[in-house]
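A.B. asks: Modelling step: build the complete structure from the supplied sequences, incorporating the hints.
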Amino acid sequence: MIPAAVIGVGQTHHKTRRLDVSFGGLVREAVFRALEDAHMTMADIDAVVIGKAPDLFEGVMKPELYLSDAMGAVGKPMFRVHTAGSVGGTTGVVAASHVQAGKHKTVLAVAFEKQSEGNAQFALGSGRGASLGAGGSFAPFIRSYIHRSGAPEHIGWMVAVKDRQNALKNPYAHLRIEDISIEKVKNSPMMWEPIRFLESCPSSDGACAVVITDEEGGRAAAADGRPPAWILATSSRSEPPAFPGRDPVRPQACLQCVDDVYAQAGITNPREQLDMAELYVPFSWHEPIWLEGHRIAEEGAGWKMVDDGSTALGGSFPINASGGVLSSNPIGASGLLRFGETAMQVRGTAGEHQVDGCNVALAMAYGANSQYFSMWIVANSLQPFG
Amino acid sequence: MAPSTDIAVVGWAQTPMVRRTDLSETALLLRVITDAIEPLGLTRADIDFTCLGSCDYITGQAFSFVQNLDAIGAWPPKRDSHVEMDGAWALYEAWLRLQEGDIDIAVVTGSGRSSTGDPALIYPMEMDPYYLAPIGADPMTFAALQARALIAAGIADERAMAEVSVRSRGKGDVDELLEGDYVREPLRRHDLPPITDGAAAMVLATGDRARQLVERPAYITGFDHRTECHNPALRALDDAPSVRIAAEAAGLGDAPVEVAELQAAFTHEELLLRRVLGLGEDVAVNPSGGALRSNPIMATGLCRIGHAADHIFGGGNRALAHSTSGPCLQQNLVCILEGRS
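As you go down the protein sequences, you meet chains X and Y in turn. Numbered according to my numbering, the first sequence terminates at residue 386, and the numbering increases by one at each position without gaps. Numbered according to my numbering, the second sequence terminates at residue 341, and the numbering increases by one at each position without gaps.
In case anyone wonders, no lab produced these hints; they're calculated from the structure. We treat Cβ as the ideally placed atom computed from N, Cα and C, and that holds for glycine. Be a bit skeptical, because a hint or two may be false.
[Unchecked claim] Some chain Y residues judged to face chain X by a derived CB distance under 8 Å, without partners named:
| hint | residue |
| --- | --- |
| 1 | THR21 |
| 2 | VAL66 |
| 3 | ALA74 |
| 4 | TRP75 |
| 5 | GLU84 |
| 6 | GLU100 |
| 7 | ARG226 |
C.D. replies: As structure tokens, then:
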């Protein structure tokens with residue numbers, strides 16, 4: 001496998017409604033920021049990989065066809081990925097594969113969602129109504145996690161507060177709740193027992209773009225004083241929707257995917273070897289669930305890392321320094337935002353939400369009924385462990 | 001940059017291609033994947049990577065591909081991906097993935113049940129949502145505009161188009177067809193594709209594994225795809241530059257091909273593609289009957305690659321397969337398959 005590196009990351013300001021831009025304008029905003037960050041123009045891009053969640057969200061079928069100009073894809077390969085909520089992550093994985101396979105030198109990964117154009121709740125039910133929505137689907141998993149782990153109810157509130165505090169340091173984040181507090185979260189309306197309104201992700205318009213290049217391109221950026229994020233590992237796993245024996249709280253697909261990326265990156269002790277992680281946490285309780293699913297915490301003990309402040313920005317293992325999905329959720333882009341944030345962290349370009357001394361970081365996205373997983377690990381060198 | 005790993009098509013299967021099936025997409029895929037792997041002595045446990053190609057709007061449901069995980073048998077969980085594109089592009093992703101060198105066998109699929117919706121209602125939603133979708137023009141309308149451009153440029157005429165139809169479908173009389181009414185001038189009924197439900201599955205294997213599985217693997221020696229800008233009003237419709245670039249990048253000109261399977265859903269598209277690809281009279285174009293005989297959208301392109309592979313399996317040396325997406329051949333893929341003695 002040919003080494004690949006992230007040399008540019010761009011994103012839009014995420015909002016409930018970006019009425020100021022078209023689909024093309026939204027995507028272009030992220031694309032230009034990524035290209036500017038990479039010191040490149042569209043002419044330097046050999047292929048474009050685009051991901052988004054279901055086309056029914058906006059009511060435009062295969063919108064990449066229309067977006068080919070906005071993404072600078074004309075005359076180039078343009079590839080469209082769709083793996084449910086994990087799609088933003090898978091877009092990063094597939095774009096990396098374009099380089100790692102030796103076929104393309106520099107690839108632009110783009111992901112977006114303009115949720116305000118449609119009604120996601122309606123689309124999730126394919127227009128047939130009676131949709132549980134994501135919260136309704138995940139609440140039973142969360143109740144099961146609480147039952148198994150014995151976690152106290154304030155854990156969910158703590159995650160909700162922590163991620164929104166991080167978002168205040170991220171100029172692109174959607175939710176900016178200056179007076180966020182445990183009291184405020186706990187007094188917000190109950191949506192899907194035990195998930196309260198402020199423990200839920202917003203619905204956002206937004207886009208993210210990432211420039212991935214080969215070893216030569218990565219070294220050239222480094223020589224120019226722009227440290228790249230080296231991609232040490234990528235992986236995806238999927239498992240079927242539901243059957244007796246499937247554990248959606250600790251899905252096999254998640255465990256296999258994480259074991260795969262750890263093996264590729266040479267990680268045997270994630271708590272020690274990783275410096276931070278961006279985990280796909282659309283509802284507060286997914287933070288402890290995924291801490292365990294990624295073997296960062298022992299099974300049943302993920303909530304304790306939340307409780308003792310380890311996952312806060314100044315803690316020993318920061319999670320979602322960006323503010324995470326709880327603060328910005330343009331669904332199709334949410335995964336690539338996780339992947340892009342880890343690249344920013346190891347490049348040292350995360351600004352106010354920078355984790356001190358971040359050398360190695362893990363990003364993940366998941367989708368459907370906790371069935372689709374995609375992950376990558378990036379580092380500030382190709383051999384961070386010597 | 002040339003890929004260094006040998007990757008070959010070692011088998012494929014397609015469902016019966018019908019106007020309407022009562023089987024779900026998952027049921028179609030369950031059968032066709034089994035049909036593709038069983039003759040090779042493979043089970044689902046042998047598959048290292050899967051990539052499915054399908055379209056929510058054709059299935060009429062968001063996340064429609066999720067249930068198809070049951071058809072690939074993703075338990076234990078699988079390395080897996082899905083593209084909102086024809087299965088031909090799913091093959092491209094698998095081809096890239098296999099070149100990373102850590103796995104040997106991939107299965108890709110394309111599937112679609114066009115019968116569940118009205119293409120004239122669905123396809124306008126594929127167009128630019130601000131300027132083109134609101135006018136509600138369907139694919140036939142845009143195809144007719146391109147056919148007119150080709151006729152004006154002397155690349156096509158109505159008789160040559162009817163001849164494409166007769167040859168592809170193996171039936172009909174050109175003079176009689178030309179007496180029919182226009183559906184969208186200059187397109188008559190015989191210039192249009194049928195509405196088809198169906199699915200296809202294809203097995204890819206690397207190097208030695210491919211040679212163990214079949215006597216004569218169909219090696220992928222060139223593979224490229226390109227897009228053009230979207231708005232047909234901003235393109236020269238009597239040309240297809242993205243086809244030309246993809247063919248050059250795939251190395252089409254390096255040696256002659258005996259067979260070309262082209263995803264030409266409309267008769268005039270074959271005439272344009274022949275010209276842009278520089279295919280002479282000695283090349284057998286769409287011996288399978290092509291998209292004019294059956295058009296299982298999201299699998300039509302993968303079927304082209306399958307039929308081209310059949311040519312290699314049967315002793316052929318070099319074949320070209322083409323797939324397309326978007327109005328007036330906006331996005332195009334070219335795959336070159338070769339046999340080795």
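A.B. asks: Hints numbered earlier in the text: which of these fail when held up against the supplied structure?
C.D. replies: 1
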